[in-house]
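My request is simple: use the sequences and hints to build the entire structure.
Number of protein chains: 2
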Amino acid sequence: MEISGKNFIGDKLSGLGKVTYKTIDPLKNIENDTLFVEATSEELKEAVALADAAFPIYREVSGTQRAFFLNTISDEILNLGDGLIDIYCRETGLPQTRAMGERSRTIFQLQLFAKTIETEDWRKNINEEAIPERTPIPKPSLSKTYLPLGPIAVFGASNFPLAYSTAGGDTASALAVGCPVIVKSHPMHSGTGSMVSAAIIKAAQKTGMPNGVFSNLNSKSYGLSHELVKHPKIKAVGFTGSFSGGSALNESVLKRREPIPFFAEMGSINPIAITVGALQKGTLEMAKKIAGSIVLGAGQFCTQPGLLLTIDGKHTDTFIKELNKALEETYEQCMIHPDLKKNYIRQSDKINGLNETVEIQIHKDQMDDNLVHPKLSMISGNQFIANPQFQEEVFGPFSLVVKCKNLQELEQVIYHLEGQLTGSIFAQADDYELIEPLIQAFKSKVGRLLFNDVPTGVEVSEAMTHGGPYPASSDSRFTAVGPGSIYRWIRPITYQNWPMELLAKLMN
Amino acid sequence: MEISGKNFIGDKLSGLGKVTYKTIDPLKNIENDTLFVEATSEELKEAVALADAAFPIYREVSGTQRAFFLNTISDEILNLGDGLIDIYCRETGLPQTRAMGERSRTIFQLQLFAKTIETEDWRKNINEEAIPERTPIPKPSLSKTYLPLGPIAVFGASNFPLAYSTAGGDTASALAVGCPVIVKSHPMHSGTGSMVSAAIIKAAQKTGMPNGVFSNLNSKSYGLSHELVKHPKIKAVGFTGSFSGGSALNESVLKRREPIPFFAEMGSINPIAITVGALQKGTLEMAKKIAGSIVLGAGQFCTQPGLLLTIDGKHTDTFIKELNKALEETYEQCMIHPDLKKNYIRQSDKINGLNETVEIQIHKDQMDDNLVHPKLSMISGNQFIANPQFQEEVFGPFSLVVKCKNLQELEQVIYHLEGQLTGSIFAQADDYELIEPLIQAFKSKVGRLLFNDVPTGVEVSEAMTHGGPYPASSDSRFTAVGPGSIYRWIRPITYQNWPMELLAKLMN
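So the sequences go chain by chain: A and B.
Residue 1 is where the first sequence starts when you use the numbering used here, and the numbers rise one by one after that.
Residue 1 is where the second sequence starts when you use the numbering used here, and the numbers rise one by one after that.
Don't take every hint at face value.
Here are some chain A residues pointing at chain B (derived, C-beta under 10 Å) [to be verified]:
1. Gly101
2. Asn250
3. Ser252
4. Pro455
5. Glu459
6. Gly468
7. Ile493
8. Tyr495
9. Glu501
Cut-off 25 Å, straight-line C-alpha distance, at most; resulting in silico cross-link-like pairs (SDA-like, lysine to any residue) [what the hints assert, rightly or not]:
10. A:Lys321 / A:Leu354
11. B:Lys139 / A:Gly457
12. A:Lys139 / B:Tyr222
Hint data in this document are derived by calculation from the structure and do not stem from the laboratory.
Since we're looking at a predicted model, the values are computed, not measured.
Ideal Cβ positions, reconstructed from N, Cα and C, are used throughout, including at glycine.
Spelled out as structure tokens, the structure:
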């Protein structure tokens with residue numbers, strides 16, 4: 001399939017704009033061929049108008065039909081074949097196995113949401129019968145169900161061109177419940193986004209969905225994004241990315257006359273706390289496991305463990321040596337984009353430039369092009385507490401070891417943390433009482449708490465919470481992963497005193 | 001019980017401030033005796049510090065114990081006896097029967113929330129077992145539950161001194177799930193608020209709840225409210241009141257570094273659409289029913305029907321005459337506060353001053369003191385569509401009849417409406433196909449849709465939605481009434497790979 005570089009305004013390819021850009025092959029450090037045309041303000045307005053017109057039709061489509069649409073999207077993505085894998089790799093520098101794994105995850109998500117809405121169980125319908133004889137006032141019949149909010153704007157992540165982008169979790173969950181979606185394509189992988197968009201449009205046409213149920217807008221400049229989230233007909237926004245990106249977009253959302261739900265997953269540093277007992281039991285296996293999590297995907301995961309909380313002592317010294325060794329033994333990896341490599345160097349240098357930071361694994365960044373090595377640094381507990389800059393996320397294979405005086409100081413470090421997607425505790429059976437204060441401290445800070453496990457690898461299931469207190473997410477009451485993520489895009493409605501024959505239709 | 005006029009900073013009565021105010025008996029149009037001392041910034045900070053310290057303790061209290069606390073609050077409110085009813089009436093001008101009815105509702109709500117949390121079902125715990133043999137990667141065990149957000153600020157409504165104020169729905173739902181509550185007392189009924197606060201504190205002490213689980217701050221000035229919602233340790237805000245009040249407070253919430261959930265129920269004009277068929281079937285009964293809903297509680301309900309959408313014709317003329325007559329026959333009623341009467345006159349005069357508005361029921365406002373008569377006005381469909389000022393809520397027994405050319409224009413009127421708490425359709429059996437477009441139009445606009453019924457009277461039950469698209473509420477995804485209202489104050493958390501013995505405790 002040839003990539004046109006144009007926008008999808010509903011089912012129409014459109015490239016009216018004059019501003020263009022290309023994506024980059026970070027492995028070769030050259031530009032890819034396709035010239036992408038940034039969407040104009042007029043194209044944006046047309047996409048929103050189509051979505052708004054499609055909404056009342058799409059809202060009434062049955063769950064079975066919408067499930068068919070989602071399953072057809074997953075078929076059409078698979079039909080893109082090796083072409084999709086090729087462009088994915090050329091736009092990210094990530095290996096083929098990763099591309100194929102992420103495609104599987106994307107397919108799985110689409111099918112899971114299809115299953116979620118195939119029956120109407122997700123609407124949690126409640127029917128209460130009238131009690132006309134109740135005193136002092138009769139009770140009317142009441143029936144509660146859920147409705148979609150309307151057209152949703154989706155901003156995908158740089159690090160998941162498939163699973164958290166064009167047809168990723170946000171899009172799939174919104175389409176599932178009857179919300180049209182307008183994706184602002186991520187400029188680092190607009191080719192991948194274009195191919196997936198074509199698959200979605202094809203599926204919409206095959207399954208008879210209204211035109212406008214999906215649009216895809218290219219843009220490297222920020223203006224279009226802000227215009228999109230400020231548009232009065234956009235009824236919610238889904239964002240996956242950095243804290244700075246999410247915050248900038250939220251500024252525009254807050255300027256709207258009508259407030260709308262803005263769900264942003266903005267990453268975190270995912271602290272791992274390690275007890276002395278856990279280290280006494282043996283450090284080597286743990287060091288390898290944690291090193292693997294730090295460097296996975298060149299550390300470009302929102303759940304990458306960037307903070308290791310330890311207690312000063314000889315076992316910790318051994319652990320740090322072994323962790324350092326395990327990190328040294330990993331291959332250099334290519335980052336997704338030159339900008340991400342630059343940021344990685346800048347952000348890790350910033351931490352290392354802070355008072356008293358000790359660089360354990362030192363690389364003078366002589367790596368070719370976009371390749372990087374992992375980095376490991378160290379700081380004391382009270383230094384960490386004293387300076388909030390230590391909490392800034394370094395996007396890449398970097399981790400900061402915090403050496404605390406004792407468990408009380410470690411607990412204080414957790415209390416001083418900002419909200420996190422995840423927290424982990426490594427401990428052994430004897431520690432159960434000892435870690436109780438750590439558990440309590442983490443409960444106020446994280447969306448997911450792990451025991452003797454690393455945070456990378458976010459299971460797509462009912463029991464997952466991918467979110468957490470601010471700034472990990474903009475609203476800790478929702479998850480971005482799993483069937484529960486649909487509740488970001490729907491609202492309850494109650495029907496009172498309706499005759500049965502009308503009610504039956506209203507409740508579906 | 002004597003009312004001290006002081007603030008409750010946790011279990012301590014405190015009146016350090018210099019600014020004082022009194023409440024008003026609107027029937028006699030005189031000030032009540034008690035001098036209320038506005039809370040100072042220091043008292044506010046102390047209340048928040050106590051709530052923050054109480055939170056990790058209160059969060060861990062079992063559901064059974066918290067249910068016991070809520071039930072004891074309801075006992076202690078009943079123990080206040082006639083004293084509470086007296087001050088309620090002296091601060092609102094509402095009749096004793098209403099005071100007693102609202103007390104029953106408040107008690108019922110507290111007991112309902114107690115029942116909701118007595119078992120841990122509300123946490124919707126999900127447990128997924130590990131699948132170590134899964135390929136390519138093993139599945140870890142995952143358990144999802146819900147946690148409270150933290151200290152909540154509650155702002156009660158002028159029109160419900162009991163059911164939507166100090167121990168009303170917001171407070172009860174927040175306390176139920178483990179959130180400490182700080183109430184900013186409504187200055188129109190701070191005496192009622194003080195008595196209820198004393199009952200809550202007594203219940204907290206009797207049931208061994210941590211000090212700081214509840215505080216009550218007096219203030220007539222706005223500064224304290226803004227300071228409260230901006231405090232970093234406040235984790236969510238519940239508000240019931242006017243659009244202007246809610247919007248002003250939200251401005252401050254938006255200035256926070258950490259965004260927090262702000263749930264505001266800001267009222268609406270609750271349109272009732274009436275088909276020609278419904279009128280043909282007979283207008284008298286309908287006119288009486290709707291008139292009763294318009295004047296109930298002097299029209300001081302957020303679900304008061306302030307907009308009647310009709311189709312021009314002789315049946316409509318008959319209906320308007322009968323409605324007018326039914327309104328004329330109602331007694332004059334006392335409004336809760338001189339300011340509310342002034343607003344009622346100002347707001348209804350504003351609508352009547354707009355081009356082409358026809359006043360049907362004319363009162364020159366010669367009523368004594370705080371008594372009011374109902375008012376009825378009329379405008380055409382296209383005039384209504386042309387001027388959004390017709391959509392401004394008149395808080396009081398006012399309703400605006402919109403005469404549309406035909407059903408298509410009526411449908412257009414609905415499409416031009418802002419978000420509403422409720423919408424109603426009066427129709428007869430033959431109309432079912434005819435009203436389909438009205439139903440579709442209303443579905444995008446309301447939180448509750450009624451058939452041949454009036455919107456006043458909000459049932460407290462699982463199937464209720466009290467909320468709706470902006471500006472009826474600030475977030476249409478939640479309800480302010482019923483057990484479901486707890487989901488405003490809680491967030492999910494997932495435990496991964498925890499040993500059973502620790503998990504059992506974490507999931508409760």
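Against the earlier hints, flag every one the structure doesn't satisfy and list their numbers going up.
The structure conflicts with hints 3 and 12, although it agrees with all the remaining ones.
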